[in-house]
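The listed protein sequences correspond, in order, to chains G and Z. For what it's worth, this note's numbering labels the leading residue of the first sequence as 316, then goes sequentially. For what it's worth, this note's numbering labels the leading residue of the second sequence as -9, then goes sequentially.
Honestly, I wouldn't trust all of these hints.
[To be verified] No farther apart than 27 Å at their CA atoms in a straight line, the calculated lysine-lysine pairs in the BS3-like style are these:
no.	chain 1	residue 1	chain 2	residue 2
1	Z	K364	Z	K291
2	Z	K442	G	K531
3	Z	K398	Z	K364
4	Z	K95	Z	K150
5	Z	K315	Z	K95
6	Z	K149	G	K531
7	Z	K183	Z	K315
8	G	K387	G	K376
9	Z	K458	Z	K442
10	G	K531	G	K392
11	Z	K315	G	K397
12	Z	K149	Z	K315
13	Z	K291	G	K429
14	Z	K149	Z	K95
15	G	K397	G	K429
16	G	K429	Z	K95
17	G	K369	G	K387
18	G	K392	G	K369
19	Z	K364	G	K429
20	G	K387	G	K397
21	Z	K183	G	K531
Keep in mind the hints are simulated off the structure, nothing from the lab.
As a plain string of letters, each chain reads:
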Amino acid sequence: MTNPVIENIRRSLGGQRPPYNPRRGLGPRPAIYESRRPESVDSEIEQFLDEVRKLSGVAEKLSADSVSDALKALVAKNGIRKATLWHTPLFEQLGIENTLRSLAVDIISPNADKHEMAHCDLGITEAEYILPETGTLVLASSAEKPRAVSLLPRLHLAIVRPEMLRPDLHQVFAEHIGRGEASLRPYTPDYLVFITGPSRTADIELTVTLGVHGPKNLHVWIMVKNLTVAFD
Amino acid sequence: MSETPTYIGFEAYTGHIPPSIPSAVQQATARFAVGRAARVSELPQFEQLRQIASDIRLHTIENMDTYLLRFEEKVTAAGGHVHWAATAEDARQIVLQIAREHNVKLAVKSKSMATEEIGLNHALETAGIEALETDLGEYIIQLAGTGPSHIIVPAIHLKKEEIAAIFSEKLGIDAPADPIELTRIAREILREKFLNAEMGVSGANFLIAETGTLVMVTNEGNGRMCTTMPDLHVAVVGIDKIIPDWESLTVFLKLLARSATGQKLSTYTQFITGPRRAEGEFGPKEFHIVLLDNGRSDVLKDPIGREVFKCIRCGACANVCPVYKNVGGFAYGWFISGPIGAIFAPQMLGTPTARELPYASTLCGACADVCPVKIPIPTILRHLRRRVAEGDQIAASTMPAPIAAAAKLSALALAQNWIYRFGARILPPVMALFTRDSWISSAPYPLNRWTKSRPLLAFTAGFRSWWKNRNAK
Ligand code: SF4
């Protein structure tokens, strides 16, 4: 089948180059800048928390036994009545859903209709990776981890662990591509999103305003106690 | 706005710039330029990154066909649909066709230059489909019925009181002149629209050939809404947005937000590869991408001019440009303004339409110093000035014949010593005919282009004879 756009590109660039051969791969390309090197896990955690705070997010270090108290405080302070959360083993283990119910918060399924999800005050997710340099959460997507949970509620809480730390974009991207279906590799999952601070705009007279379309508040809890982690 | 212009009268426009424009634009440009400088100073590898980014872009431009075909193959494998649009009209028809097939009544849009380029909103509205801009700044100017005055803050020329008045008039509500309150009102209205739209329309910042992935960078979250809530997502993207792989993307992501707004990363960066795969997940059931050529493949012929396609649309060049800061975005007459607009429009629309833009510059070089992909903007501006004045392999001269002839003649004279000397000798007596009190206040056509703006001092002595006799008493 002929493609006039491709043909015209070839005419313009000149015909000396060999024709495209899908099995030959993409050929050589310029070198890439090397990755950032972390000092220690502790310094990475501190930098991550620091960056989230600089972006007007709330960032805290928590241990597993302090989660229910922290949830209680969050619910009371922000008037949370409806919440939705990802279905993950970590949340199961931390008893998040039960704690919320005991606080009289309505739990909406993360697979509920979008109109219903839009009325949630709180959405709780994990992250696949976190990036300390920029204070970024990297979220994947699946039926258990729907993307709307970090988008529709007015407050987004991400609960993360130090194991999710990656030094740089290089590692995140390499792992993400590697997770695609093996037969079609490189073939990535259908969706990935980086979240760096709460939704913001400066479109009216350059006044910074949070919570335009996405969540107004971003809270990040990093679970640290009783965990030993090391970079290899 | 957003219709393809037939002539861009930069000079005529600058004759009556509303006074609100330069002051508002300079507030924005100053803020971004300062933010950029802070981020750049934190990152010692910035210069190295710029060089790598430039190399990757050049490599990609020279192999654009290969990477685009790889992209198509991967999107198709991921269950998406790829459409090729040779012209703006093709692109409009493709999108309209998709919209009709899905019985779309409301389309929500996230800021996209490619849809501005093809005038998609107008085409959709004509077909009875509401096309709603959802970026706050774009939403405001859509309500106001004007065009963008800045690449990143499109409504920067409007004061909060004016925006409140527009909201009150167009939305029939009582809107206070308070940015936070106005933002809240827009959030509520647009949220309903996101939830009810049948189609989301977006552009893209990058297309990754390696996996067929579309990369979108936004701060407000409207980009996420447009590509998550409706069941149908249609992206319209220029073919120049292609990059080889995810490793290359690391370089561009490190440069983009830092250069644009002085952020390390924008709030949301999404990576979309085909439609949603999981049952129970959100996201579009159907994913279409329209790859827009619209003249780009012709521009590739010119090895100097095609470097314009290295651009990652950060706006840094505009933020430092002394001309842009005084005239604002409207003066450039198309959806893309500032120094990048001045090298983009003349190549895409042709020099007959945009012949004034290569001259809309002082050639000070500030743009090239900040450009994260090292586009030699002043070099391309001079290259295009030459095309306008003398013509080249791409296009003939667009100057009136006497001026083109005069340009040729002076080039000849400056290159040939004897012609130059002869001219220098006959010039003073010729000038004397027009001189009053040693000033020439109106020269004959076509030289009156000079004297219209300032008088010319008549030559009194020849340099060569003065030099020869300088020591004689
Ligand atoms: S030309 Fe360079 S500085 Fe200007 S918008 Fe494009 S990438 Fe940014």
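To see whether the hints hold, each was checked on the structure:
no.	hint	verdict
1	Z/K364 with Z/K291	holds, 20 Å
2	Z/K442 with G/K531	violated, 56 Å
3	Z/K398 with Z/K364	violated, 32 Å
4	Z/K95 with Z/K150	violated, 31 Å
5	Z/K315 with Z/K95	violated, 40 Å
6	Z/K149 with G/K531	holds, 24 Å
7	Z/K183 with Z/K315	violated, 35 Å
8	G/K387 with G/K376	holds, 16 Å
9	Z/K458 with Z/K442	violated, 35 Å
10	G/K531 with G/K392	holds, 15 Å
11	Z/K315 with G/K397	violated, 48 Å
12	Z/K149 with Z/K315	holds, 18 Å
13	Z/K291 with G/K429	violated, 48 Å
14	Z/K149 with Z/K95	violated, 32 Å
15	G/K397 with G/K429	holds, 14 Å
16	G/K429 with Z/K95	holds, 19 Å
17	G/K369 with G/K387	holds, 25 Å
18	G/K392 with G/K369	holds, 21 Å
19	Z/K364 with G/K429	violated, 44 Å
20	G/K387 with G/K397	holds, 14 Å
21	Z/K183 with G/K531	holds, 19 Å
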